[in-house]
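**Student:** Sequence:
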Amino acid sequence: MLLLLPLLTFVLTLVNLAGIQSKRAEPSNRLAFLQAAAFVGAYMVVSAELLSLFGALNVTGLSLAWLAAIIAIGGWGWRESWLSKGRAVLARSFPSLGIFEIAALSGFGLIIGLLFLVAVLSPPNNTDSLLYHMSRVAHWAQNQSLGHYATGYQHQLTMPFFAELTILNASVLWGSDRLANLVQWLSLGGTLIGVTVTAKILRANRIGQLASAAFALSIPMGLLQATSTQNDYVVAFWLISLACYASLRAVRRLTLNEELAFGVALALGLLTKGTYYPYALPIVLWFFIHQIRSYGWRKSLVRGSLIVIPVLVLNLGFWARNLATFGGPLGPSESVTSRVFDPREPIAIVSTFARNIAMHFVTPSEGLNAEIVHRLNSTLGAFDPDSADLQLIWRWNHEDLAANPLHVILVVLTVLGLLFGRRRLPGRPLAEYSLVAGATLVMLSIVVRPDVWGIRLQLPHWVLWAPVFGIVILNLRGRYVASAAVIALLLAAVPWTLFNSTRPLIGMQPDPKGIEIPCFLSCTHVGSILEVPEVDLLFANFRRQEDSAVRAADNLRESGCQNVGLRIDSRDKEYWFWWLLDAPQSGIHIETVYPVPELAKLFDPDYRPCAVICTICGDRTELHGLPLVGDYGAVKLYVGDSYVPEAY
Numbered sequence: 001m002l003l004l005l006p007l008l009t010f011v012l013t014l015v016n017l018a019g020i021q022s023k024r025a026e027p028s029n030r031l032a033f034l035q036a037a038a039f040v041g042a043y044m045v046v047s048a049e050l051l052s053l054f055g056a057l058n059v060t061g062l063s064l065a066w067l068a069a070i071i072a073i074g075g076w077g078w079r080e081s082w083l084s085k086g087r088a089v090l091a092r093s094f095p096s097l098g099i100f101e102i103a104a105l106s107g108f109g110l111i112i113g114l115l116f117l118v119a120v121l122s123p124p125n126n127t128d129s130l131l132y133h134m135s136r137v138a139h140w141a142q143n144q145s146l147g148h149y150a151t152g153y154q155h156q157l158t159m160p161f162f163a164e165l166t167i168l169n170a171s172v173l174w175g176s177d178r179l180a181n182l183v184q185w186l187s188l189g190g191t192l193i194g195v196t197v198t199a200k201i202l203r204a205n206r207i208g209q210l211a212s213a214a215f216a217l218s219i220p221m222g223l224l225q226a227t228s229t230q231n232d233y234v235v236a237f238w239l240i241s242l243a244c245y246a247s248l249r250a251v252r253r254l255t256l257n258e259e260l261a262f263g264v265a266l267a268l269g270l271l272t273k274g275t276y277y278p279y280a281l282p283i284v285l286w287f288f289i290h291q292i293r294s295y296g297w298r299k300s301l302v303r304g305s306l307i308v309i310p311v312l313v314l315n316l317g318f319w320a321r322n323l324a325t326f327g328g329p330l331g332p333s334e335s336v337t338s339r340v341f342d343p344r345e346p347i348a349i350v351s352t353f354a355r356n357i358a359m360h361f362v363t364p365s366e367g368l369n370a371e372i373v374h375r376l377n378s379t380l381g382a383f384d385p386d387s388a389d390l391q392l393i394w395r396w397n398h399e400d401l402a403a404n405p406l407h408v409i410l411v412v413l414t415v416l417g418l419l420f421g422r423r424r425l426p427g428r429p430l431a432e433y434s435l436v437a438g439a440t441l442v443m444l445s446i447v448v449r450p451d452v453w454g455i456r457l458q459l460p461h462w463v464l465w466a467p468v469f470g471i472v473i474l475n476l477r478g479r480y481v482a483s484a485a486v487i488a489l490l491l492a493a494v495p496w497t498l499f500n501s502t503r504p505l506i507g508m509q510p511d512p513k514g515i516e517i518p519c520f521l522s523c524t525h526v527g528s529i530l531e532v533p534e535v536d537l538l539f540a541n542f543r544r545q546e547d548s549a550v551r552a553a554d555n556l557r558e559s560g561c562q563n564v565g566l567r568i569d570s571r572d573k574e575y576w577f578w579w580l581l582d583a584p585q586s587g588i589h590i591e592t593v594y595p596v597p598e599l600a601k602l603f604d605p606d607y608r609p610c611a612v613i614c615t616i617c618g619d620r621t622e623l624h625g626l627p628l629v630g631d632y633g634a635v636k637l638y639v640g641d642s643y644v645p646e647a648y
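Numbering (this note's numbering), first residue to last: 1 to 648.
These are computed hints drawn from the structure, not numbers from a lab. Here the structure is a predicted model, which means the values were calculated and not measured. Worth double-checking, as some hints may not be accurate.
[Said to hold, decoys possible] Distance windows between CB atoms, simulated:
| no. | residue 1 | residue 2 | range |
| --- | --- | --- | --- |
| 1 | G427 | R571 | 35 to 41 Å |
| 2 | I616 | T337 | 23 to 29 Å |
| 3 | F542 | F520 | 21 to 27 Å |
We put the beta carbon where it would ideally sit given N, CA and C, even for glycine.
Assemble the whole structure, with the sequences as input and the hints as a guide.
**Tutor:** Listed below in structure tokens is the structure:
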């Protein structure tokens, strides 16, 4: 029930914003939705940072923070009559729909509903989630603070944290991680709203908006990530929000509320993932070009404070913690450098861009994949030796590796339509938006070092293209072709909705039984989420390690020990042990007793675990004075009352 507090905060904010817009000729409830998401997200960050200072980031502190927001927003809206006006605006905002629109929206609802089912029934099992996304959430919940702590994997501290903070709120108020996957799922829904309102701003009718939404919804990588605790869909949501306000700015001047929402969307995107930095740059430049044209340099700089202040305020805590621990706002300089691409020649940027596109044309044939790599390397290798690093790995239904070949082809066709059919397309803002959308992938190719896992980072870029696709196909091919495209794209989304490699509704196995079918192009790692035990889903990517981890956790619980140490390295999936021990809500306290050297100063010297889980102890029969009580292969368990701390 406590989870209703942030939901009610959002609803009241949305109704108030709808009421504020009521005097406009064409109030937009979808714009109000994007603004409400931004303002509530900003409040969540500020309240969490304040609670963290007092070690009160717990169920009581969060509940009181959201209750205070409800009272303040509700009281303000009632006094200004925004609530009554907003209710009236929302009540009359639902248009009459034709048969096709009802059918199409039903298709959208079915796919989104199935994804909801997958998200709720599946535990977090993505590799990065187990390494740091969910592990950091568990540490924050235990420590009741966002403060840095001793860990063996620095990503838990250095990576931007908005998506995980949202998971923390949901997990603490719900009492478990059951709803953790819904953060990405909600971002998918919000992204579709952002895509359609952006298409409308760029002069798409309702069929064009549906085509835009179908393009965005059917992106394979998006369908797979929408049920995980990764954060690329959260990035996509804040990016399309930013692009929406920039598109609106290309059409008219923004209100102060809208400019502030632009700044908050920028701030929260930066607080979500490092890839947002290069993605946002072309959009911000486009926005300020129009600001300067309207207001001149001086006034534009003054109004720019509505953008700069949210960025500074909302990111200050994150930057300050990293500065204090690592000496840089984004973490250790060498860590940042390792993730940033450093092109030596302009042709290297072309090579990186080509590699980013080539990854989408991976095939089931290893020989054909090798030929693609060979041809690309023979063309670009003389200018960019790194082109030889390109790998094409066929995992059509895996959330880290799934390609989007259909959408790449559709974008190419859309670009051709823009070039050769521009006389039949609406206005200059569409052309400007298209250039900016294309520039985002160029910026990603310039800034981010490409690797085999980088294909998932491109999701926000393909989402940005959705409004352009909807408008171009509608204006150049007419409503019937656009309608057919909606149906085709919704049908194309079905395989990735049903056959997620690690969270399948329908399993694909060599010897099918129950809710399973024979393997097609590849198998799923597990059977259907409707039949498979949750613990098997947790280890879907690493089935061979399941038995050892589960046995260690079972024996640890039997020992009655409540203070647990972890001696693991950066490759180990820390969250497995939090999940298996139901920590911290079970009362079991977990700390890393083998942090990276730079973080040893954060380890509590008074912490005395009565058990240590170790994955890197070799043949040791004693650890920190504790005897070995269980050797399970990949995991060893040491239990006793004579813990001896290691000198750091």
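**Student:** The structure should be examined with respect to each hint, and the outcome stated for every one.
**Tutor:** Here is how each hint holds up against the structure:
no., hint, verdict
1, G427 with R571: 35 to 41 Å, "violated (52 Å)"
2, I616 with T337: 23 to 29 Å, "holds (27 Å)"
3, F542 with F520: 21 to 27 Å, "holds (23 Å)"
Violated hint for the displayed structure: number 1, the only one.
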